[in-house]
Amino acid sequence: DTGVSQNPRHKITKRGQNVTFRCDPISEHNRLYWYRQTLGQGPEFLTYFQNEAQLEKSRLLSDRFSAERPKGSFSTLEIQRTEQGDSAMYLCASSLLSPAVNEQFFGPGTRLTVL
Amino acid sequence: AQSVTQLGSHVSVSEGALVLLRCNYSSSVPPYLFWYVQYPNQGLQLLLKYTSAATLVKGINGFEAEFKKSETSFHLTKPSAHMSDAAEYFCAVSAKGGSEKLVFGKGTKLTVNP
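So the sequence lines, in the order shown, correspond to chains F and C. Mapped onto the working numbering, the consecutive letters of the first sequence carry residue numbers 1 to 115. Mapped onto the working numbering, the consecutive letters of the second sequence carry residue numbers 1 to 114.
If a hint is listed, it holds; no wrong ones were tucked in.
Pairs of lysine to any residue residues, derived as SDA-like cross-links and limited to a Cα-Cα distance of at most 25 Å, are as follows:
#1 F/Lys-57 - C/Lys-96
#2 C/Lys-106 - F/Leu-60
#3 C/Lys-58 - F/Ser-98
#4 C/Lys-109 - C/Thr-5
#5 C/Lys-49 - F/Glu-28
#6 C/Lys-49 - F/Glu-56
#7 C/Lys-96 - F/Gln-50
#8 C/Lys-109 - F/Gln-41
#9 C/Lys-106 - F/Leu-39
These are calculated hints, taken from the structure and not from any lab test.
Required output: the full structure, derived from the provided sequences and hints.
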């Protein structure tokens, strides 16, 4: 078990470009979350998958954002036509659906800078 | 709806002194409460969690927190600060069922002075 991994760790792009981030959760975890963290703020929920199904999306997730989790394994988060306001740390977390409390394990994050 | 308020965006203590980081929550259902720590350029690491069992919760690295329903609080404490405790700390709340997404506070940056 190597934990949650995210790639790339850093991404610098120009405004208007598309970017895609990848998250590999802990292998047996069937739940996957994306959060966004801006400077001086706590992480904010973006979206949630249970297996391959995207079950909840935040109002923060504009139509320029899309997330997928094919086959219930890794997940990708794509941002189209990036804006400077998209600059943030994008965090992925995974957990195991169980009767006990849901403990989420976080990856190191992808820091996006939009110039 | 759920929310978390962390009082004090910055807390500074001397090495060996008591650490107290404050967290108040709002929740329409019985909450689950968490404290996470974030070191620079790293992801979040779970320190401890409250799951409606014991109200005094012990976590890693000598931290503990007490759930007080009457005060809607879940303050984090450590009797004696160590230099390695310098980091940002986040309190979070979730509700059982559904996505169980975490709602975070804005964080408290802890500085430990020698």
